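In order, the protein sequence lines correspond to chains Z and V. First residue of the first sequence? That's 1 in this note's numbering, and the numbers climb one at a time after it. First residue of the second sequence? That's 407 in this note's numbering, and the numbers climb one at a time after it.
No lab work stands behind these hints, which were simulated from the structure alone. Computed from a predicted structure; not experimentally measured. All residues carry an ideal CB built from backbone N, CA and C; glycine is no exception. Check each hint, because a few of them may be wrong.
Going by beta-carbon spacing under 10 angstroms, a handful of chain V positions derived as facing chain Z [as the list claims (entries may be wrong)]:
no. : residue
1   : ALA430
2   : VAL441
3   : GLY456
4   : PHE461
5   : ILE464
6   : ALA466
7   : ARG469
8   : ALA474
9   : MET480
10  : HIS490
11  : TRP530
12  : LYS531
13  : ARG533
14  : ALA564
15  : LEU572
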Amino acid sequence: MNDADDLSHAPARSEPGEVGLVEPRDFVSTEPFTFDNGQSIPGFTLRYETYGRLNPSRDNAVLVCHALSGDHHCAGIHSLGDRKPGWWNNLIGPGKALDTNKFFVLCCNVIGGCQGSTGPSSIDPRTGRAYGITFPAVTIRDMVRTQKRWLDSLGVASLYAVIGGSMGGMQVLQWSIEYPAFVQRALAMATTAREGAQAIAFNEVGRQAILQDPEWNHGFYPKSGGPRVGLAIARMMAHITYLSDASMDRKFGRKAVAAHRKAVAPATPAEDVSELSMEGVDPTAPTATFDVRFEVESYLRYQGQSFINRFDANSYLYITRALDQFDLAATHGSLEKAFAEVQAATLVVGFTSDWLFPPDQNRAIALALLRAGKRVSYAELATDLGHDSFLLESPQLYDLVRGFLN
Amino acid sequence: MAKHSQIKRSVDMQIIADWVEPGARVLDLGCGRGVLLDYLAQTKKVHAVGVDLDFDKISACVRRGLTAYQGDMMALMRELPENHFDRVICSRTLEELPDPGAIIEQALRIGRTITVGFVNHGYWKNRTAAFFLGRKPRNAVYTTAWYESRPTNPASIADFEDFCALRKLKIARRAHLGGDWKTTSSLLPNLLAGYALYDLTR
Numbered sequence: 001m002n003d004a005d006d007l008s009h010a011p012a013r014s015e016p017g018e019v020g021l022v023e024p025r026d027f028v029s030t031e032p033f034t035f036d037n038g039q040s041i042p043g044f045t046l047r048y049e050t051y052g053r054l055n056p057s058r059d060n061a062v063l064v065c066h067a068l069s070g071d072h073h074c075a076g077i078h079s080l081g082d083r084k085p086g087w088w089n090n091l092i093g094p095g096k097a098l099d100t101n102k103f104f105v106l107c108c109n110v111i112g113g114c115q116g117s118t119g120p121s122s123i124d125p126r127t128g129r130a131y132g133i134t135f136p137a138v139t140i141r142d143m144v145r146t147q148k149r150w151l152d153s154l155g156v157a158s159l160y161a162v163i164g165g166s167m168g169g170m171q172v173l174q175w176s177i178e179y180p181a182f183v184q185r186a187l188a189m190a191t192t193a194r195e196g197a198q199a200i201a202f203n204e205v206g207r208q209a210i211l212q213d214p215e216w217n218h219g220f221y222p223k224s225g226g227p228r229v230g231l232a233i234a235r236m237m238a239h240i241t242y243l244s245d246a247s248m249d250r251k252f253g254r255k256a257v258a259a260h261r262k263a264v265a266p267a268t269p270a271e272d273v274s275e276l277s278m279e280g281v282d283p284t285a286p287t288a289t290f291d292v293r294f295e296v297e298s299y300l301r302y303q304g305q306s307f308i309n310r311f312d313a314n315s316y317l318y319i320t321r322a323l324d325q326f327d328l329a330a331t332h333g334s335l336e337k338a339f340a341e342v343q344a345a346t347l348v349v350g351f352t353s354d355w356l357f358p359p360d361q362n363r364a365i366a367l368a369l370l371r372a373g374k375r376v377s378y379a380e381l382a383t384d385l386g387h388d389s390f391l392l393e394s395p396q397l398y399d400l401v402r403g404f405l406n
Numbered sequence: 407m408a409k410h411s412q413i414k415r416s417v418d419m420q421i422i423a424d425w426v427e428p429g430a431r432v433l434d435l436g437c438g439r440g441v442l443l444d445y446l447a448q449t450k451k452v453h454a455v456g457v458d459l460d461f462d463k464i465s466a467c468v469r470r471g472l473t474a475y476q477g478d479m480m481a482l483m484r485e486l487p488e489n490h491f492d493r494v495i496c497s498r499t500l501e502e503l504p505d506p507g508a509i510i511e512q513a514l515r516i517g518r519t520i521t522v523g524f525v526n527h528g529y530w531k532n533r534t535a536a537f538f539l540g541r542k543p544r545n546a547v548y549t550t551a552w553y554e555s556r557p558t559n560p561a562s563i564a565d566f567e568d569f570c571a572l573r574k575l576k577i578a579r580r581a582h583l584g585g586d587w588k589t590t591s592s593l594l595p596n597l598l599a600g601y602a603l604y605d606l607t608r
């Protein structure tokens with residue numbers, strides 16, 4: 001049992017503070033579900049993961065809600081060979097800000113998604129074929145209502161907290177509106193109660209990249225194929241909106257890819273090492289002009305390529321639509337009215353460099369809750385990492401989250 | 407030093423707590439780490455909201471279970487309706503604020519009462535520092551030299567009461583503390599009081 005090989009792996013793979021090996025599970029609802037737009041499906045599956053244990057009084061559950069391209073795998077690893085842990089592993093684990101020794105942490109892939117939950121790439125049991133674009137339009141509220149069915153099935157009596165960033169933050173707000181008595185604490189980061197024109201515009205360009213790809217074929221394409229070019233371009237563009245001018249400049253600057261690096265003496269300062277060089281490139285070759293030259297290009301192409309291997313184009317269309325349609329003020333008459341029934345203590349966190357869901361939109365949520373007479377705090381972290389700052393490894397952010405939860 | 411200021415703080419905190427109605431909705435302008443609000447929440451069960459500019463201070467408030475808003479106090483008050491709070495507190499913050507008159511005016515729009523607590527710059531020790539030594543006052547209150555201090559906009563009790571008369575603000579209550587900030591002092595307050603507290607209403 002005391003295998004030397006295992007021991008040598010153990011400290012690196014599952015040291016204290018890590019969730020360690022986790023296994024996704026499926027919740028299958030065989031009851032029909034009616035979407036906000038009135039259309040129904042005969043049943044659905046939500047793929048989920050849990051960490052920690054539900055206490056005997058069933059009130060230590062913390063629901064984590066994921067963003068557009070996220071999934072249920074927010075902490076731990078699936079196998080010892082995994083190179084990356086779940087997407088919020090830095091926040092979630094024994095002794096971490098979201099402490100799995102205290103809390104029963106749950107996260108599921110949203111309805112309309114493609115990581116195991118029912119979505120457009122799932123088979124419609126009524127036809128035996130993939131739903132494609134016959135799948136009903138999905139809203140943030142649909143995501144939340146399906147999650148409630150799942151939590152009920154697990155015997156979760158109330159949520160100690162709901163927490164999420166970006167689209168996850170929208171779900172957090174929707175949770176505290178839809179099930180006010182069920183949610184004790186709501187923590188929404190880098191989010192908005194309604195997207196601005198700029199965010200909608202970015203999503204529309206992404207959708208057009210997919211819709212204009214001939215392989216999209218009006219939403220009906222084989223699992224292995226589909227609008228891979230369009231989806232990759234959508235992802236490349238969206239990825240830029242998650243970063244910032246400063247963070248991209250720090251990471252890439254004008255650094256050139258290996259093939260285009262200027263040969264220099266070793267003593268030259270680092271920034272010169274990667275200066276663009278056209279040496280050895282035939283300037284008359286037809287493709288030379290538009291080859292990958294800068295590292296930022298190579299990075300974005302990599303992001304696009306890796307995305308198409310894990311994400312479904314129709315899911316991308318559905319979920320970006322859900323984001324754009326989300327408008328709590330319009331749905332309820334005003335943001336104050338939207339929050340009228342909220343019982344949860346809320347914490348909203350904005351990030352100074354977030355230009356997708358800027359601090360003002362986060363502040364507007366807090367102010368409306370305040371005007372509605374609710375318990376709400378607003379904090380704004382100074383970072384230059386853009387929208388993705390909420391995923392940042394920041395002791396300040398961890399302290400805030402820990403303080404709010406304890 | 408930390409302990410010393412804690413003791414001093416506790417007397418003005420007690421006075422404010424005496425003035426606050428139980429269960430009141432209270433906004434603390436420049437709430438810092440939430441020491442005063444925590445005290446008021448515990449002793450008077452107030453519904454507390456703080457506002458401050460600093461992330462770590464908001465974080466400390468949240469850790470105490472208080473609600474706090476990170477941002478500019480004036481911008482926050484402009485976003486709130488009339489009489490949203492029973493009381494707005496501006497304790498040991500006034501002299502660091504630009505345009506304090508406008509802030510008091512806003513506070514009296516969103517709150518029925520404003521409690522203002524400030525260091526009396528007319529206190530004789532502050533006067534002698536300037537008069538005899540020709541120096542910026544350096545003492546337990548003003549601990550730093552001018553070149554490492556935040557900008558301040560000091561006022562005396564006489565200045566403050568003039569302001570209230572000019573703006574026709576009703577002084578509902580006042581308390582003057584001696585140089586030790588512990589005992590109340592009523593004789594020649596502008597000369598002998600180190601610290602002053604006022605409750606103003608419209």
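The hints, checked one at a time:
no. : hint   : in the structure
1   : ALA430 : violated, 14 angstroms
2   : VAL441 : violated, 15 angstroms
3   : GLY456 : holds, 9 angstroms
4   : PHE461 : holds, 6 angstroms
5   : ILE464 : holds, 5 angstroms
6   : ALA466 : holds, 8 angstroms
7   : ARG469 : holds, 3 angstroms
8   : ALA474 : holds, 5 angstroms
9   : MET480 : violated, 14 angstroms
10  : HIS490 : holds, 7 angstroms
11  : TRP530 : violated, 42 angstroms
12  : LYS531 : violated, 39 angstroms
13  : ARG533 : violated, 41 angstroms
14  : ALA564 : violated, 37 angstroms
15  : LEU572 : violated, 32 angstroms
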